[in-house]
Structure formats: structure tokens, C-alpha cells
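Visitor: Next come the chains, spelled out residue by residue.
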Amino acid sequence: MRIAVLAVQGAFIEHERILRELGAECVELRQGSDLSGSFDGIVLPGGESTVQGKLLRELGMFEDLKRRILDGTPVLGTCAGLILLAGSLENSPERYFATMPILVRRNAYGRQLGSFSAEARIRGVRNEEEPFPLEFIRAPYIVSADGAASPIAVIGKMPDGSEGENVVGVRYENQLGFAFHPELTKDVRCHEMFLAMCRGT
Amino acid sequence: MSTESRWELNKELAQMLKGGVIMDVTTPEQAKIAEAAGACAVMALERIPADIRAAGGVSRMSDPKMIKGIQEAVSIPVMAKCRIGHFAEAQILEAIEIDYIDESEVLSPADDVYHIDKTQFKVPFVCGAKDLGEALRRISEGASMIRTKGEPGTGDVVQAVRHMRKMNSEIARVASMREDELFEAAKELRVPYDLIRYVHKEKKLPVVNFAAGGVATPADAALMMQLGAEGVFVGSGIFKSGNPSKRANAIVKAVANYTDAKLIAELSEDLGEAMVGINEQEIELLMAERGK
Chain A
11 MRIAVLAVQG AFIEHERILR ELGAECVELR QGSDLSGSFD GIVLPGGEST
61 VQGKLLRELG MFEDLKRRIL DGTPVLGTCA GLILLAGSLE NSPERYFATM
111 PILVRRNAYG RQLGSFSAEA RIRGVRNEEE PFPLEFIRAP YIVSADGAAS
161 PIAVIGKMPD GSEGENVVGV RYENQLGFAF HPELTKDVRC HEMFLAMCRG
211 T
Chain B
12 MSTESRWELN KELAQMLKGG VIMDVTTPEQ AKIAEAAGAC AVMALERIPA
62 DIRAAGGVSR MSDPKMIKGI QEAVSIPVMA KCRIGHFAEA QILEAIEIDY
112 IDESEVLSPA DDVYHIDKTQ FKVPFVCGAK DLGEALRRIS EGASMIRTKG
162 EPGTGDVVQA VRHMRKMNSE IARVASMRED ELFEAAKELR VPYDLIRYVH
212 KEKKLPVVNF AAGGVATPAD AALMMQLGAE GVFVGSGIFK SGNPSKRANA
262 IVKAVANYTD AKLIAELSED LGEAMVGINE QEIELLMAER GK
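Chains A and B, in that order, give the protein sequences.
Residue numbers in the first sequence follow the numbering used here, run continuously in steps of one, and reach 211 at the last position.
Residue numbers in the second sequence follow the numbering used here, run continuously in steps of one, and reach 303 at the last position.
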């Protein structure tokens, strides 16, 4: 199993560590020539989406990766990665891959003082009933999702602090998007689920 | 929320900045240029280190209004500097919801004995360090990110290199010790034993470590990354150069591809004039000697 991890900026090493622990081989995508090989899945890590989006285009990876996602290669996007996948952004004219039919608001919880931890069950992982630790760092918020994009993780706190159903994880066909950072925790179940998608099981 | 989990969240923001370039900016316009060039964060300050050095006198925290202007101009994290030990300046920066405070030797120290007790703050702190002892002392005070001190405002990378190499060799030394030698190492480095144990076991600092102080070219940035920096601060190097936007773009790409010499060669072409450097022998004020 070979997984390509976008490695132009952000917390890509954290993803690689977990993927390797689970027996996958990782290739780092830093420029167009890194896309020559074949791989079974793509990881878009946390970081700054403005930087990643810009470098994806300027280092010659954008079109190729977008085509692979549309052709069905499984992709996991966390935080900035979710923003790269989002069909549209509420507070920015920018759009990146736009392969997932969701509307996303960047930095929805404000500045770093608004970063927080939570817990939620994630649908489709091993031991589903066991809550998963969620880290939200200057996190995006999924404002709305098309019916075909199914919510798989929900917390009870909205960006304005009120109570409500806040979808923080979405699965849409071959794409998995999280507003939080599974790569920052010791719990590897989100990555297990992603590798199962890559195996086609 | 507990102090411990706040520190984790703050340490994690630094993890998100890795592989990126944090740029010094003095105006909203510069901040926009930096963001468009691919900065992963900006450092808002009234005068860049080269100008602080040239102007002399006491250098303090920037005007909050100026910082707010920069916060409004960009969507990436905004950092700002306070003086070493000046916890009231830090309180002000926290009140305006800065994303990261740099308790910085670039400004005139406000306290020649004590650093800020950073565990009392919710907002994260980055601090400079020349060696492992300084780094671990700052971490025990609550810093959630470290950078080399280098020598700010000089465009001379020699001190950043020296500090990064020193840090690495001391980490390697601690990692190779017998467990019963760690107590003595903690005493010698004047740091808490549990942090020495962490370094011994993990062979790295417990927080992210960036390079700073004297980085002026894509090659400088690649050098620091190859020496083990997890990202780069560029202060005077960008907006003191002939073509800030082009240079900023080039440094960002060089950090993302720091081992690809062919690409960095292309990036280094036609960048215009680099900042005029000052050699370390020519400077009278060694900022790196502030706050140990």
C-alpha cells in the first residue's frame, strides 16, 4: 500500500508516522515530478491552506492530483486538507480541488484562543462506540453539505459557542474530510478507516 | 480548560506551521504581500530588526492598533513580539487575541533575570534559544515553540547555523547518555529533569524548532532546513531586499523543496538585491546574548 502525502507545508510527518505504523509506505509530494509513480491513496494534511493551495499550483501538482481524486483515488483531508477539498469557501473567493460538495468557513472559531479539544464517535471506524479525541486548531467549519456527503462525526458545540449539531467529519464517495486533526492524536482509527478505503474494502 | 491541554493546543498550532516561512511585516500591505507569497504566518512589528539595530535606543512592543490592522489584512496566523520578561506587554497582546507571542531578544529586555511565566497565559509563546539549555528553560516556563536566536537584522546566517548545530549536538549527547547520567545533565544544563528525560527518549525537543536570525536567501533557508530546522523565520531579509515579493516566493518554495538544489538554483535567479548584511564582527550589539 503506497500513500502519497502532500508535503509542501504543514503537519505531514504526523500523518506519515501513523500510516507507517499501520504498515503503509509513504511518498512525499513536494513537486510535480513526485507524482510520476503510482499510489493507492492521497493525504492532504493540516497546515495553512493558502500556502498549500498556492504551492500545489505553482509546483505543478494541482491538475494531476485533482484528476486522480475525481478518478476515484481515496483521499483524506484534515483541517487545511478539508479546505482544499471543499466545493466552496464561505469567507474566501478562493477554491482549490473543490471535489467535495460542501461549503466551508475558514478559521470559523476565531484566532488561536478559540482552538479547542472535544470528543465524538466517528461512524465507520473500528470500535465505533469508543469516542475519538478531536483537536481543533484554528479550525474550519462545515457550514453545509450536499445530501450525498454523509456526516460521520458530529460535536455539540457550534462556532459561536451555542449548542447544536456541528458536523466535523464528512465522507463523500472516495473522499474523507475532517475539520479536526486525527494526525495529532495517538488514536489511529481514522487512518485505519482511510487505509481500508485505499484497499477497496 | 487545563493549562496542560492549552499547552498541547498551542504546541499543535506550531506543528501546523512546520515546513513554512514566517515573515516580519510592518504594514497591512506588507502582510498581504507576505500572505500572497506563501507565508504560513506573519510577525507584526513596527520596525524590522535591521531598522531597530540602525535606530538604537529602547525597542518595545508595537502599537496594538498597528497589529490589529495586520490581523484584519490577512487570514493566516499573526504573531507579535513583547520584551523579555515584560508580562504586561504579553497581557496586552493576549487581549488583542494575537495567535503567537514572540518573547523576543530583538526588543530591549524588560527584565534581566526573569522571563515571563508563560504558563499563566492561554495564548502561545515562541522563544529564542542558542542551545539546548536555553530551549528547555523556555519550554519549562511554558513556551510551546522554539526558534534559534541567530543574530537578527544582520542578514548573516552564521549565528543561526551555530545555534542550530549546538542544539543538535547537545540533543545527540543527551540521547546517547546512560539513564543514570541524566540527573547530572539536568543540573549542568540548569533544566528540569523530566525535560531531559524527554530529549533522551525522543532524541528531539518536545516542541517545534524553527530557524531565525539572519536568513536572507533561498539558499540560507535550505541550509537551515537541512540542518534540522522545521521551518524558517525571515525578518529583515525580505522587506529589506530589492524585490520583496519575488524573494519571499522563492524562500517559501525553497523551504518546501529544501534538498532540491536544481530547483533552488532556479529560484535564486534574478532575485534583485539582497539585504545589505552586517558581519557578526562588525556589530556592537549581540541580541542573542539577551535572555539566557
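Please note that the accuracy of each hint is not assured.
[What the hints assert, rightly or not] Calculated pairs, DSSO-like style, for lysine-lysine (alpha carbon to alpha carbon, straight line, at most 30 Å):
no.	chain 1	residue 1	chain 2	residue 2
1	B	K273	A	K196
2	B	K212	B	K133
3	A	K76	B	K257
4	A	K196	B	K76
5	B	K133	B	K257
6	A	K167	B	K198
7	B	K76	B	K133
8	B	K215	A	K196
9	B	K198	B	K212
10	B	K79	B	K22
11	A	K167	B	K22
12	A	K196	B	K133
13	B	K79	B	K257
14	B	K43	A	K196
15	B	K43	B	K273
16	A	K167	B	K133
17	A	K76	B	K43
18	A	K76	B	K273
[As the list claims (entries may be wrong)] Okay, the calculated bits of chain A under chain B, using three or more residues with CB under 8 Å as the criterion:
no.	segment
19	16-24
20	51-64
21	136-150
To be clear, the hints were calculated from the coordinates, so they are not data collected in a lab.
Keep in mind the model is a prediction, meaning the values are calculated, not measured.
A virtual CB, placed ideally from N, CA and C, is assigned to each residue, including glycine.
Visitor: Now tell me, hint by hint, if it's right for this structure.
Guide: The hints, checked one at a time:
no.	hint	result
1	K273/B with K196/A	38 Å, violated
2	K212/B with K133/B	28 Å, holds
3	K76/A with K257/B	27 Å, holds
4	K196/A with K76/B	41 Å, violated
5	K133/B with K257/B	36 Å, violated
6	K167/A with K198/B	46 Å, violated
7	K76/B with K133/B	21 Å, holds
8	K215/B with K196/A	18 Å, holds
9	K198/B with K212/B	18 Å, holds
10	K79/B with K22/B	24 Å, holds
11	K167/A with K22/B	23 Å, holds
12	K196/A with K133/B	24 Å, holds
13	K79/B with K257/B	26 Å, holds
14	K43/B with K196/A	37 Å, violated
15	K43/B with K273/B	29 Å, holds
16	K167/A with K133/B	20 Å, holds
17	K76/A with K43/B	27 Å, holds
18	K76/A with K273/B	26 Å, holds
19	16-24	holds (count 8)
20	51-64	holds (count 6)
21	136-150	holds (count 3)
Going down the numbered hints, you'll see the structure goes against 1, 4, 5, 6, 14, while the others check out.
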